Each structure stands twice: as structure tokens, then as C-alpha cells.
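Student: Okay, here's what each chain looks like letter by letter:
Protein chains: 4
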Amino acid sequence: MSKSRLTIGIIGAGRIGKLHAQNLVHHPDVNLKIVSDIQSDTLDDWAASLGITKTTNDYRKLLEDDEIDAVFICSPTNTHTSIIKEAARAKKHIFCEKPISFSVEDSEETLQVVSEEGVVLQVGFNRRFDPNFKKAFELIQGGTIGTPHIVKITSRDPEPPSEQYIRSSGGMFMDMSIHDFDMARYLCGSEVTEVFVNGVSLIDPVFAENGDIDTAIISLKFENGAVGVIDNSRKAVYGYDQRVEVFGSNGSVTVQNDYPTTVEVSTETGVHRDKPKYFFLERYKDSYVEEINSFIGTILHKRNIICDGRDGLHAERIARAARESFETGQAVKLDTMVPLK
Amino acid sequence: MSKSRLTIGIIGAGRIGKLHAQNLVHHPDVNLKIVSDIQSDTLDDWAASLGITKTTNDYRKLLEDDEIDAVFICSPTNTHTSIIKEAARAKKHIFCEKPISFSVEDSEETLQVVSEEGVVLQVGFNRRFDPNFKKAFELIQGGTIGTPHIVKITSRDPEPPSEQYIRSSGGMFMDMSIHDFDMARYLCGSEVTEVFVNGVSLIDPVFAENGDIDTAIISLKFENGAVGVIDNSRKAVYGYDQRVEVFGSNGSVTVQNDYPTTVEVSTETGVHRDKPKYFFLERYKDSYVEEINSFIGTILHKRNIICDGRDGLHAERIARAARESFETGQAVKLDTMVPLK
Amino acid sequence: MSKSRLTIGIIGAGRIGKLHAQNLVHHPDVNLKIVSDIQSDTLDDWAASLGITKTTNDYRKLLEDDEIDAVFICSPTNTHTSIIKEAARAKKHIFCEKPISFSVEDSEETLQVVSEEGVVLQVGFNRRFDPNFKKAFELIQGGTIGTPHIVKITSRDPEPPSEQYIRSSGGMFMDMSIHDFDMARYLCGSEVTEVFVNGVSLIDPVFAENGDIDTAIISLKFENGAVGVIDNSRKAVYGYDQRVEVFGSNGSVTVQNDYPTTVEVSTETGVHRDKPKYFFLERYKDSYVEEINSFIGTILHKRNIICDGRDGLHAERIARAARESFETGQAVKLDTMVPLK
Amino acid sequence: MSKSRLTIGIIGAGRIGKLHAQNLVHHPDVNLKIVSDIQSDTLDDWAASLGITKTTNDYRKLLEDDEIDAVFICSPTNTHTSIIKEAARAKKHIFCEKPISFSVEDSEETLQVVSEEGVVLQVGFNRRFDPNFKKAFELIQGGTIGTPHIVKITSRDPEPPSEQYIRSSGGMFMDMSIHDFDMARYLCGSEVTEVFVNGVSLIDPVFAENGDIDTAIISLKFENGAVGVIDNSRKAVYGYDQRVEVFGSNGSVTVQNDYPTTVEVSTETGVHRDKPKYFFLERYKDSYVEEINSFIGTILHKRNIICDGRDGLHAERIARAARESFETGQAVKLDTMVPLK
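Protein chains in written order, with the working numbering: chain A, 21 to 361; chain B, 21 to 361; chain C, 21 to 361; chain D, 21 to 361.
Any given hint could turn out to be false.
It does not matter which identical chain is used: a pair holds within one copy or between any two.
[Claimed, not checked] Taking lysine to any residue and the SDA-like style, the derived pairs with C-alpha atoms no more than 20 Å apart in a straight line are:
id, residue 1, residue 2
1, Lys297, His47
2, Lys155, Asn277
3, Lys111, Thr281
4, Lys154, Asp294
5, Lys322, Ser189
6, Lys255, Gly290
7, Lys322, Asp306
8, Lys38, Asn230
9, Lys111, Asp294
10, Lys154, Gly290
11, Lys23, Lys305
12, Lys353, Glu211
13, Lys38, Asn77
14, Lys154, Thr97
15, Lys297, Gln276
16, Lys155, Pro48
17, Lys305, Gly245
18, Lys81, Pro180
19, Lys322, Glu84
20, Lys111, Glu347
21, Lys23, Leu70
22, Lys297, Glu310
23, Lys255, Asn244
24, Lys105, Leu39
25, Lys74, Gln59
Derived from the structure by calculation, the hints contain no laboratory data.
Bear in mind that the values here come from a model prediction, so they are computed numbers and not experimental data.
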């Protein structure tokens with residue numbers, strides 16, 4: 021692309037769409053031209069407060085706009101594949117929130133269209149851009165810990181989502197663990213070949229009532245021989261718990277929680293510090309900025325894409341296998357699933 | 021027991037037998053009268069250096085001695101059940117290293133004899149007496165973290181044992197993970213009902229050649245609904261890695277590694293500290309003293325026994341289920357095994 | 021002020037002036053209209069890159085501009101008092117970098133003018149706005165540690181400044197320790213009454229050659245009876261070392277260093293982590309944003325000013341007493357100095 | 021000495037004398053033959069409980085006993101010099117608690133006698149034998165941090181002593197800070213040349229009533245150009261606070277507090293851990309064992325003595341200079357004192 025600046029539109033102005041808008045609106049390489057959302061009542065006020073002058077409730081306006089180089093798809097998951105395909109055919113580069121879809125087949129078909137149209141597609145696995153995980157990745161890639169043997173991920177939310185959210189989330193594996201599946205294969209540098217799940221509902225019966233779970237131990241096998249485990253909970257009362265450890269033949273690398281401050285208080289009752297940063301908006305604040313920079317760098321400067329559609333697809337396959345393991349109570353091998361083309 | 025002091029004999033003067041001897045020889049409530057070992061060449065010199073005047077290469081000498089109140093069984097595992105039974109019939113109280121045997125059935129039959137003879141039997145799960153794990157246990161029991169949801173244990177040795185040791189060890193689950201199985205059910209306060217194992221040999225082919233593994237992720241389900249995971253490795257180059265985390269409805273409690281010193285060095289290359297304490301003799305030094313105190317307290321002052329034969333048996337059952345899961349590749353429910361009487 | 025938005029000009033576009041420009045240019049409550057600097061060769065290019073359209077090499081242009089509500093004075097220290105007085109007389113609100121001047125008398129006379137003109141003057145003690153120190157301050161104010169007894173500040177730069185900088189810096193106390201003097205009285209909630217200095221030049225003879233030092237232990241007495249100590253070094257090879265501890269009758273509160281990531285690596289040589297954030301631009305990044313918000317809040321919403329001219333004056337008096345103690349080798353009481361009016 | 025085992029007597033069975041007795045009674049190289057104390061009522065019972073069969077209330081019995089190779093002097097400070105001289109003349113090796121005396125002149129005269137008689141004299145600066153401080157010392161000696169520039173010691177007791185103790189303690193500098201004076205010169209590898217004290221009484225008026233203080237900042241200059249600071253408090257509500265930091269041209273080494281366990285608890289209110297180990301008996305437990313081993317090694321194997329009478333004398337001189345600085349409010353140079361011979 022010979023341009024030095026991208027014109028961008030955002031589709032979907034929910035929590036994550038608004039976050040991207042804030043990060044895009046003052047980006048030196050970006051002209052954030054327009055935001056679409058089907059709920060139009062508060063859209064204009066919010067847009068105006070950021071200095072965004074153009075809004076619509078029809079995302080097709082963005083796709084028809086010749087000035088628009090790229091779109092951020094932040095609408096509900098069940099709209100992703102159709103919008104991605106339309107956007108790709110309109111030759112827009114695409115940043116899409118995870119997951120691409122709840123169906124591996126739909127996702128795969130969608131990626132086919134993206135590939136044919138030759139546009140960039142980046143999936144919103146923002147944690148890859150977190151400075152902590154990025155540093156861990158680089159150390160592992162650089163050989164500091166030798167060959168990975170064990171990958172351990174702790175990923176616990178500070179509080180459960182609403183029942184409405186739970187119902188449309190696609191289940192814990194597809195909604196929450198999917199970030200961990202991506203991180204596991206990213207840090208291990210190898211594909212997951214088998215999944216076994218111990219999943220339970222211990223926090224709130226609303227999960228079981230919706231066929232979902234809130235607590236899980238997920239065992240993984242990797243192609244390179246390594247093994248892994250993810251532990252998830254929908255409610256850690258002490259805050260967002262996001263840690264990783266990769267253990268290898270020459271050592272181990274860990275990512276600990278991030279805290280709002282480094283303040284420690286010592287009193288008669290002991291030594292105390294604050295809870296970790298509250299939730300993903302605080303904990304992963306920098307990563308949302310960095311994933312945008314990376315997307316722009318891919319389009320403008322032909323830099324490698326850090327997480328593309330195939331990465332999205334791999335994580336979705338693991339989520340589906342996890343669901344199957346939870347339902348059958350047995351380990352599920354990924355090569356028994358329809359192979360990736 | 022109306023006595024105020026115990027006369028004790030040790031059977032087996034290998035590494036662990038010698039450790040117990042050192043801790044017993046100056047114990048104010050103990051008269052360490054005699055040590056037996058089948059290898060007699062260096063036994064006398066070692067005993068003399070500690071001020072122990074009586075040795076033998078026939079453990080039956082201890083059992084026939086009317087003055088002896090209790091024996092420490094530190095001989096190889098395959099001798100445990102027969103010696104326990106003989107000792108029980110000789111009305112000696114028994115401290116026995118783990119595991120009781122490699123066979124759940126043999127162990128169960130042995131415990132039956134112990135029960136009939138009415139002697140005390142304590143199994144050497146020394147980690148229960150480590151100040152760190154003890155504190156964690158007390159906090160959990162005291163309700164600090166609410167109901168346990170997730171139990172996580174990291175247990176990695178600093179270096180693999182010799183091939184000779186591997187061959188007679190009973191396999192990683194029975195030799196090494198068994199401590200973690202005991203800790204898991206102890207901290208969770210509930211029995212394990214299902215085991216799933218991802219086991220591999222990544223460190224040294226000698227493990228696979230002996231039908232054993234050196235690296236594992238072990239998933240657990242507990243009767244109270246909690247889930248758990250143990251990760252094991254036979255070789256952590258940075259030293260003995262012994263950590264625990266129990267996550268519950270009201271918070272979490274962690275035990276971190278112990279370090280030889282608190283010294284930190286900051287230089288141009290970063291901030292550095294030592295590796296954790298090298299191995300179990302250093303890391304669990306205090307626990308070996310405390311388990312002896314507890315054993316003596318049980319006999320002399322009728323205090324509760326902290327880990328008895330049933331605890332040994334439970335851990336052995338989990339180890340056997342882990343082995344079966346490793347061999348079949350599927351989850352194993354413990355109630356499909358011969359039930360405990 | 022009935023306005024909802026401030027028009028601002030920056031005087032001096034060195035390192036710190038440029039930093040403020042970056043933070044002001046996209047501030048929702050600010051119109052950054054113009055930047056002045058006497059060196060005009062690269063000014064326009066830099067300004068254009070930020071979207072600032074107006075520049076000048078005569079700061080009086082800003083003062084004569086009726087639209088300008090407030091100025092940021094980021095020029096060399098020896099220009100501060102005259103510009104402050106001119107700006108105050110032009111009824112501009114003032115944000116001035118520390119120190120106000122190298123002369124307590126000049127500073128005092130300047131503050132008199134500011135007071136007469138009734139404009140806001142905030143001094144750039146940015147560390148008060150650092151989330152860590154702010155939290156410590158709030159805890160102390162809230163009574164968490166009872167009455168302060170001991171205040172300890174460690175403040176070490178990662179590398180010494182250039183000789184040119186040293187020559188015009190006003191000396192270590194006025195240039196570097198002045199931040200610590202402000203923090204000491206801020207956290208202690210009391211004025212410094214006595215200063216004793218152990219100052220040496222150990223890092224580079226260039227300091228001694230310029231009558232300056234590079235290493236110091238500075239003892240303080242406070243009006244409320246507390247005692248304090250600051251240790252300074254111009255060169256900590258492991259990076260910017262910024263820690264505070266306030267110890268009181270009911271406990272202690274500490275601020276530790278901030279690190280770029282939470283990553284830890286364990287290898288055969290020990291446990292390692294990165295150096296702290298490199299220098300003030302990284303370590304105090306958030307504080308520069310917050311001090312601007314506070315300044316704007318004072319002007320637009322009549323909020324209390326967090327650090328005003330008197331705070332600047334107090335810190336300068338301590339710096340002067342420190343210099344006198346260094347030169348005489350004896351403790352210097354602040355009430356022997358010309359009293360503050 | 022051609023012996024392989026030492027016969028030892030203890031003079032003074034207060035808290036510290038009893039501690040040494042416990043560590044000596046089972047020492048493989050020691051025959052603890054006799055303990056003397058002027059208060060005889062509970063002495064025999066306590067001795068019997070440890071298996072010590074011989075007691076006396078006249079320490080001269082020990083000195084007259086030809087079998088006794090060495091004595092531990094644990095009686096009140098005002099008895100030290102006379103007993104040391106008598107013991108030296110009786111050709112007994114001497115371990116003496118700190119300080120040797122409250123008078124530098126008396127101490128010096130006493131050391132003269134020790135020197136003439138050619139016996140070993142070790143002073144009880146046990147902290148040199150603490151694994152943490154020992155490691156820090158070795159790293160500094162090994163050049164890890166380059167040339168020392170700044171030595172910082174935090175030393176705070178968990179609670180003040182009784183008024184009776186305060187009255188006979190010789191004051192905070194001679195009783196408590198003296199350990200820190202020794203540590204400062206030990207770690208810095210250089211002699212203190214100047215002392216300045218900010219001393220106050222903030223905790224309890226009983227200190228001021230007895231001409232003593234409870235809180236201090238003590239600034240130090242060293243012969244090698246380094247500077248240092250000690251902060252002392254008689255009451256840290258969160259427990260015994262014992263930390264050290266030595267900062268040098270190539271980095272810094274720190275000793276942090278020791279905790280009873282590594283347990284951390286995370287709850288809705290934050291992350292919590294225990295207070296540090298309560299007081300010196302817990303914190304420095306290992307050091308008391310090691311100082312005895314070192315003393316024995318010096319006598320039996322002619323190893324270097326780690327802290328001898330001169331070390332005691334140096335620390336006492338600093339304590340005296342600190343007192344003078346506190347009384348005059350000015351810095352005190354040690355070369356204005358009577359020089360050490």
C-alpha cells in the first residue's frame with residue numbers, strides 16, 4: 021500500500037468497539053472516519069465526545085465507502101462471518117474480534133473468501149501484544165528455556181458475566197478459554213493435538229442452567245511432545261488472575277499478575293498489597309494499543325501479521341474439542357475432527 | 021502409654037533412615053537404641069559418629085527387643101508390608117516411609133493387621149508437616165478461602181534419579197507424585213474420584229526404556245466438586261520446585277518456593293536471586309523433625325495421628341489410577357477400583 | 021472560569037516541553053495553540069508531526085495572545101522567574117517546571133507577583149501524581165500507619181547527565197534531590213526543620229570539578245518530630261531506582277520500583293528479572309498526564325492545587341540548606357535561614 | 021590445639037546463655053561441662069532438662085577447672101571486662117557477648133590482656149553468621165557490585181524492652197545499634213570515620229526519661245569514601261525488620277526480611293502475607309549455631325576468627341561517637357577520639 025495513512029471504520033460500538041475507537045481516534049497513522057452500530061440512540065453523543073463526526077446504523081455504509089481502507093468488526097459473534105465475507109469482497113482489510121464464529125466450518129469457509137480476496141485479516145487475540153506475554157514469547161523463541169515441556173495458564177475473571185451474556189457467549193470455552201488456547205499454542209510454538217476437560221459449575225447455578233460451566237481444568241497435548249494445562253474460573257474474588265508459566269529443558273519463564281501500584285503496607289496484621297488490576301480493560305490496556313499498531317504495520321508496511329485467521333481457527337478447534345471432552349468425559353484428539361484445509 | 025520417653029529402633033539406614041537417625045538421636049523424648057541395615061560394612065562407623073552404640077543386620081533383633089516401643093521402617097518398599105505386619109504383631113508402634121507397598125491390596129491387608137494389633141502406624145508424608153503447607157492447610161480449614169474450587173500443585177525434582185533407582189521406584193506416580201496425591205486430598209479436604217494423566221518422557225529415554233515417564237499433567241476430580249491438577253517433572257534445572265495453590269469461593273492461598281537466602285542482586289543485566297533450596301533434604305528439613313514430633317506425640321500423649329495408613333492407601337489408589345489412565349489414555353474413576361473396606 | 025476548554029501555550033520545547041506537548045495535544049479539555057522555543061530550526065517539523073500548527077521563537081507572542089488561558093514554562097531554570105512574572109501580569113495561569121529558581125529570594129518575590137495577579141501557579145513536582153506515591157500518600161493521610169516516625173527515600177538515576185547539563189543544573193540538590201525534598205515533606209505531612217548531608221563524588225570526577233557531588237546521604241528532621249533520610253546517586257547501573265518507605269507508629273508503607281514486565285526467568289544460574297523501568301520518562305509516564313489533569317481541574321473546576329508555588333519554595337529552601345550542610349560539614353537548621361513570609 | 025573436642029563452660033544463664041547452652045549441649049565437638057549463674061533457684065532444673073549435670077553460682081569454678089578449654093561469657097555487660105581478663109589469665113578461650121564494655125578504654129585495656137595471654141576471643145556479633153548477610157558479604161567481597169558507594173541498614177525491633185532493661189542497656193546505640201555498626205563496617209569493608217545522628221524519642225516517654233532515644237537516623241562516612249545510613253526503631257508493630265542494602269559502582273545487593281512461611285492469601289481485600297519472623301531468636305536462629313561452629317573451628321582448626329575483640333572495639337567507638345553526635349547535634353569525626361592502639 022503506497023498510502024501513509026489509513027482510513028478506518030468501526031462496525032459495532034459496544035464495549036470493545038468503543039475501546040478501539042478511543043485508541044484509533046488520535047492514532048497518527050489513522051483517520052477514523054465512521055462508526056456503525058445498530059443501536060443508534062446514544063451512538064451520536066458518544067461519537068461526538070470523541071470527535072468522531074460520522075455514524076450510521078448500517079455497516080454496509082462503511083463497506084460501500086471507497087475511502088475506507090479497513091474495518092474493525094466488533095459486532096456480536098454471530099454476525100462475524102457474513103460481515104467478514106462482505107468486507108473482504110469490498111476489498112477492506114479486516115480486524116475482527118474473537119472468535120471468528122462458533123462454527124469451525126463457517127470460520128474455515130470465511131477464511132477461504134478472505135484468502136481469495138487477498139485482504140489482511142487480523143483476529144483480536146490482544147494478549148499476544150501484552151508486554152508481559154510478548155516478552156515471555158520472545159524469551160522462549162530465543163531459546164532461553166530450551167525445549168518447552170510444560171505450559172501452564174491461569175486465567176480467572178473477577179466476576180461472572182450476566183445471564184444474557186452467558187446465553188449468547190458460545191460457552192466458556194469459546195468465549196473465555198479461547199484466549200488461553202491461543203496463548204498456549206503461541207507460547208508453546210506447537211499445535212494442540214489432544215484436549216481433556218474437567219469442567220464444573222461451582223460459582224452460580226445459572227451456568228449449569230444454560231448448559232455451561234464456570235470452573236475448569238483443561239489438559240493439553242502438543243504436537244512437539246509438550247503437555248499443558250489451563251485453569252479457568254469465572255469468579256476470582258481477588259480480581260483478574262492472568263498468569264502463565266512455560267517450563268522447559270533449560271529453565272522456566274513466568275508471567276505474574278500486574279498490580280495497580282507497587283505499594284505494600286505492613287501492619288500488626290501482616291503485609292498487604294492491593295488486588296491485581298481489576299479486569300481486561302485495565303490489565304490489557306497496552307495490548308489493545310499494540311494490536312492496532314501491528315494491524316496498521318501489516319497493511320502499511322507489509323509487516324508479518326501476528327495473529328491471522330488460521331490462528332483464530334486453531335483456537336476455535338481447540339474450544340470445540342474442549343466442549344466435546346466436557347460432554348463425553350474423555351480425551352478428544354484433534355485429528356479426529358475434520359482436518360484444516 | 022504411661023512412659024515419658026520412647027525407645028526406638030530404625031530399620032534401614034539408607035538416605036532417609038540416616039536422616040531420621042540424626043533427628044532422633046538427640047530428641048529429648050527418645051532413646052534411639054539400635055539401627056539395622058542389611059549392608060553392614062559402613063554401618064558401625066556411621067552409627068558411632070552419631071553416638072549410636074548398637075547395630076545389627078537383622079531387623080528381627082529390634083522386633084524381639086522388649087524395650088523397643090516403636091520402629092522406623094526405612095527399608096526398600098518391597099519389604100514394607102511384611103515388616104509392618106511383623107512389627108505390629110510384636111506390638112511395636114510403626115513409622116513407615118511411603119508408599120506402604122506397590123499394591124493397594126497388599127497395603128490394605130497390612131493395615132488390617134495393624135488395626136487388629138492396635139498399634140500406631142504413621143506414613144511418611146512429611147510434607148504435611150512443612151510449615152508452609154501446614155499454614156496453607158490451616159487457613160483453608162479455617163475458611164479463609166471459602167469452598168475449594170481448584171487445587172494446583174507444582175512438584176518438580178532438580179534432577180532425575182539413577183536408572184537403578186528408576187527400576188525399583190514403582191514408577192513416577194508411586195514414587196514421586198504420591199506425595200502430591202496426598203497433598204491434594206489433604207489440602208482439598210476431600211477424596212479424589214477421578215484421574216486423567218498426560219504423561220510423557222521428554223528428559224531422558226531411560227524413563228521410557230523402563231516403562232516410566234518423566235513429565236506429567238495429572239487432572240483430578242474431587243468428591244466435593246472441586247477440580248485439581250498436578251504437574252510433575254523429573255528435572256527442573258533451576259532446582260526443586262514445590263508450589264501449591266488452592267483457589268476457592270472467597271480467595272486463594274499459595275505456597276511459593278523456599279530460597280536459601282533473601283539476597284537479591286541488581287546489576288546491568290537485571291535483578292537476580294538464587295535458585296530455590298536444592299532438594300527435599302534442604303526444602304523439607306523442618307518437616308522431618310516435625311513428623312517425628314507428631315509421631316511421638318501420638319504415642320505418648322494420644323494426640324491425633326496426622327497421616328495414618330488409610331492416608332497411605334488413598335494416595336496409592338490414586339497412583340494406581342494415574343498409571344491406568346496413562347496406559348489407557350482415558351480418565352479413570354476411582355470407584356471402579358476395588359473399594360476400600 | 022466559565023469555560024469548558026482551555027487554550028494553552030508551551031514555552032520551551034526541550035525534552036520536558038515536548039513531553040507536555042504530546043500529552044496536551046489530544047487532551048479533550050485543551051486546545052494546544054502554540055509552542056515557543058528560541059531554537060527554531062527543528063521546531064516546526066516536530067510541531068507539525070504532532071499537528072501543532074503555530075510556533076514562535078518569542079514566548080512573548082503567547083503572553084500577548086488573548087486566547088491563551090495558560091502557559092507551560094519549560095524553558096531553562098534561569099528564565100523561570102522573569103517569565104512567570106510576565107505571564108502572571110498577562111493574567112495567564114502558569115504551570116512551571118521545578119525549580120522555580122536557584123534563589124529562594126527570587127522565587128519568593130516571584131510568588132508575590134503571582135499572588136497579586138491571582139493566577140494559578142502549579143510547580144512540576146510530577147511524582148506527587150504517580151499512582152504509587154499517590155496511593156502511599158492517601159494511605160498515610162488516612163491514618164493506616166499512624167504517626168510517621170521515619171521517612172526513607174531512595175532516588176538514583178540510571179546514568180549521569182552531560183557535563184554541560186551539570187554546569188547549568190544548579191547542583192545535585194537543586195536539580196535532582198529537589199524532587200525528593202518535595203516528596204519527603206509531602207508524605208510526612210510536615211515541614212523539614214534541619215538538614216545534614218554526607219555528600220561525595222564517587223562516580224565521575226566531572227562532578228567534583230564543577231563543585232558538585234554525585235552521591236549523598238541526606239538526613240532530615242521534621243517539625244512533627246519525625247526523622248528522614250534520602251539517598252541519592254547519579255548512576256545506578258541497574259536502572260532508575262525510585263523507592264519510598266514511611267514508617268509510623270502503626271506500621272509502614274513502601275513504594276517499590278516499577279518494572280517493564282512481570283516476567284521472571286529461572287535457569288541453572290538462578291532466578292532473574294529485568295531491570296526497573298529505565299528513567300523518568302518511562303517510570304513517571306502516567307504522572308505527567310495526571311499533573312496536567314490536575315492543573316486543568318484547578319483552573320476549570322476550582323479544584324485544590326496539589327503542588328503550588330509555596331511547595332516549590334519549600335523544596336528550594338531545603339536544597340539550599342543541603343548545599344550549606346555539604347559545604348560546612350554540619351547540620352543546618354532551616355529557621356536560621358530567612359523565614360518564609 | 022591437638023584436641024578433637026572442646027570442654028566448655030557457660031557464665032551467665034540468661035536468655036542468651038540458655039540459647040548457647042541448647043546449641044552446645046548436643047554439639048559433636050563439644051562437652052558442655054558446667055554452667056554458672058548467680059541466680060541459682062531455677063538453674064538446676066533448667067540444666068537438668070538439657071542433661072547438663074554440673075552448675076554453680078560462682079563463675080570462678082569454671083576458670084579454676086583445668087578441663088575447661090573455653091568459656092562463653094553471657095553475664096551482664098558490666099561484668100565482661102573483669103571476667104574476660106580473669107579467663108584470659110586462666111588460659112581459657114573466650115566467647116563474649118557484645119558489647120565488651122560500655123567504655124572503649126576498658127575494652128581496649130581488656131583486649132591487651134587477651135593479646136598477652138594468647139587466647140582466642142570472639143565477640144557475639146552473630147549477624148555476621150546469618151546466611152543472608154553472609155551471602156551478601158561474600159558477593160560484595162567477590163566484586164559483584166564493584167566499589168561500595170552507599171550502605172543502608174534498617175534495623176527495627178518489634179517491641180521496646182522493659183524500663184529495667186533500658187536503664188542498664190547502655191543506651192540504644194550501645195545496646196541495639198551496635199549490631200548495625202558492626203554490620204556496616206563489615207559489609208562496607210572499611211572503617212567508619214564520621215557519625216551524625218538524628219535521634220528522637222517517639223514511641224515511649226520512658227526512653228527520654230532515661231536519657232535514651234527510641235528512633236534514629238544515623239549517617240556514616242567510611243574511610244574508603246562510601247557513605248552509609250542506619251535507621252533504628254524500638255517498635256515496628258509488624259515485627260522484626262532487618263534489611264540491608266549495599267549499593268556500588270556495578271550494582272547493588274539487598275537482604276530482605278525473612279518470613280515464617282512463603283504463604284500468600286488473596287481475598288477481596290487484597291493480597292496478604294504474614295509478618296516477618298518475630299524477633300532475633302527466630303530471625304537469627306541459624307546464626308547462633310554458626311557462630312559457635314566458627315568459634316570451635318578457630319580453636320580446634322586454627323581457622324581465622326570472623327569477629328574478634330578489635331571488631332568489638334570498633335563498634336563500641338562508633339556507638340560512642342553516635343552518642344556524642346546525638347548530644348551535640350553535630351557530626352563527630354572518629355579520629356578526634358583517642359586512637360586505637
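Student: Against each hint, give a clear statement of whether it holds in the structure.
Tutor: Consistency of the hints with the structure:
no.	hint	verdict
1	Lys297 - His47	neither (25 Å within a copy, 25 Å between copies)
2	Lys155 - Asn277	both (14 Å within a copy, 19 Å between copies)
3	Lys111 - Thr281	neither (45 Å within a copy, 38 Å between copies)
4	Lys154 - Asp294	between (25 Å within a copy, 14 Å between copies)
5	Lys322 - Ser189	neither (34 Å within a copy, 46 Å between copies)
6	Lys255 - Gly290	between (25 Å within a copy, 15 Å between copies)
7	Lys322 - Asp306	neither (22 Å within a copy, 32 Å between copies)
8	Lys38 - Asn230	neither (29 Å within a copy, 54 Å between copies)
9	Lys111 - Asp294	neither (48 Å within a copy, 43 Å between copies)
10	Lys154 - Gly290	between (34 Å within a copy, 18 Å between copies)
11	Lys23 - Lys305	neither (28 Å within a copy, 31 Å between copies)
12	Lys353 - Glu211	within (12 Å within a copy, 29 Å between copies)
13	Lys38 - Asn77	within (15 Å within a copy, 40 Å between copies)
14	Lys154 - Thr97	neither (26 Å within a copy, 41 Å between copies)
15	Lys297 - Gln276	both (12 Å within a copy, 17 Å between copies)
16	Lys155 - Pro48	neither (26 Å within a copy, 33 Å between copies)
17	Lys305 - Gly245	neither (34 Å within a copy, 35 Å between copies)
18	Lys81 - Pro180	neither (36 Å within a copy, 57 Å between copies)
19	Lys322 - Glu84	neither (25 Å within a copy, 48 Å between copies)
20	Lys111 - Glu347	neither (41 Å within a copy, 52 Å between copies)
21	Lys23 - Leu70	between (25 Å within a copy, 19 Å between copies)
22	Lys297 - Glu310	both (19 Å within a copy, 19 Å between copies)
23	Lys255 - Asn244	between (33 Å within a copy, 18 Å between copies)
24	Lys105 - Leu39	neither (24 Å within a copy, 43 Å between copies)
25	Lys74 - Gln59	within (15 Å within a copy, 40 Å between copies)
In this structure, the earlier hints numbered 1, 3, 5, 7, 8, 9, 11, 14, 16, 17, 18, 19, 20 and 24 are contradicted, and the remaining ones agree with it.
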